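Note that the protein sequences, when read in sequence, are chains A and B. Mind the numbering: the first sequence is residues 1 to 144 in this note's numbering, read in order. Mind the numbering: the second sequence is residues 1001 to 1295 in this note's numbering, read in order.
Quick caveat, the hints were computed from the structure, so don't treat them as lab data. Keep in mind the model is a prediction, meaning the values are calculated, not measured. Built from N, CA and C at the ideal position, the CB exists for glycine as well. Treat the hints with care, as some may be off.
To be verified - To give a feel for the contact side, a few chain B residues facing chain A, derived at Cβ under 7 Å:
1) Asp1190
2) Leu1202
3) Leu1205
4) Gly1226
5) Glu1228
6) Ile1232
7) Glu1233
8) Glu1234
9) Leu1241
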Amino acid sequence: MSASAQSSAGDSVRHFLRDVVLGEPGVEWPLAERLADRIDRNLDRVVELYGTRKSLAKSSSRRAPARPAFDPYCFGAVVTLERDGREALLMRLGEIDTAENLRELAEAQHLCVDPAIRDAPKLRLAIAEAAAFRIADRRAASSG
Amino acid sequence: MAAYLAVANRKGGVGKSTVSVMLAHSMSVWGGRRVLLIDIDSQCNASLILLGGRRWNEARKARKTIADFFVDLFKGRNEAQMRYLEAGAGDLVDDKGAIPPLALLPGSLLLDDVQGELFMDQTGERRALDAFAGLRGKFEAMLRSFDKDFDLVILDCAPGLSFATLAAIAIADKVIVPFRPDYVSLLAIDRIAFIIESVPDLDTLAKIPVNKRRYACLANYVRGDGAERLLIEEIGLTHPLLDLRLPQHNSIASAFDWFAQRRPLSQKYGDATADLRSLWAEVSGLMEPELRAVN
């Protein structure tokens, strides 16, 4: 965008914002004037940020590689723990990068983890604990 | 001497009667075996599927049910045991248009009451524990009494643990345990496995190699989602599993409507004929040693 075109766009936005603030019901004239001036002084920064956000959105939509959807049943946490042990389970959970996907796995496999846990390493430990709990729960149910 | 196959699970609604009837149909039609199905479940679903409502009602009026059979033998009435059976059960014809060799000892709504009354009679004579063992032993002997007349006796057990169900599990050469792939079923399978193998807990059960167990589990009503797949995998870590997964299939459900006119098996089962054939093949393989001994 050329400098003159950018300035013209800035003027239009500046007039528009002044009208919006001055037209707000219940806002007295001195306050409206001060807010309009403040926005006016920072408008270049607003335009700059607005432009960056648009270009970010554009580039992310261009990138958007069709990432395969996460399968929360890709392996069974309980089965892996029972068959291969805790270390093996943590290793498999380590292949899942995001906390969001870990939470999805726990949810789908009915493994109860604290909703307050947000970070991936803690979620992995919580899932392993929940799987162990489920195995213990089954043993308790089937004991005499 | 007949081979005995029980279909059991303490949990209800897992498809014991449907699996029992599917096996009775396929073993008699495709296997050419002389099959007797004994309906031990007082819901009588297998009887209704194999006889239809009217014929089952006639059997009840003629005192031709499992409850009548038990009471008469306990009371020392010496009726010929074959008189309690309905020959030519089912609404099928075989490939040559003949009626398959399938008989039914019809179920009775009164079976649970009858077992209670027989137990009370026994406790009058002996202490409770002795009476329990005595009653179960008598049921076992009565269920075995059809040995000479059939190749395969299928015992469609009741949910829960009645004397008759315990007797059926005790005499069975093999037990098929149908289950729905859900968490509660996992716990139910553990419990029925302890009874079948006479063990107290999972640790003791684990000492019996899976291929030496007397039972095999059958996943039924499978929809095929990921959660089910993982649960079946989990069950397979502890229990023997049949390879077949019986799907939740309209054709299977509708195959159990009674039809007044006999039909070939493929017509009755429609789309589900392939599933029936898989079940037949796999259970035939499982029962192969016992069925070979019958020949």
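Structure-based check of each hint:
no.	hint	in the structure
1	Asp1190	4 Å, holds
2	Leu1202	6 Å, holds
3	Leu1205	9 Å, violated
4	Gly1226	3 Å, holds
5	Glu1228	9 Å, violated
6	Ile1232	10 Å, violated
7	Glu1233	5 Å, holds
8	Glu1234	5 Å, holds
9	Leu1241	13 Å, violated
Hints 3, 5, 6, 9 from the earlier list are contradicted by this structure; the remaining hints agree with it.
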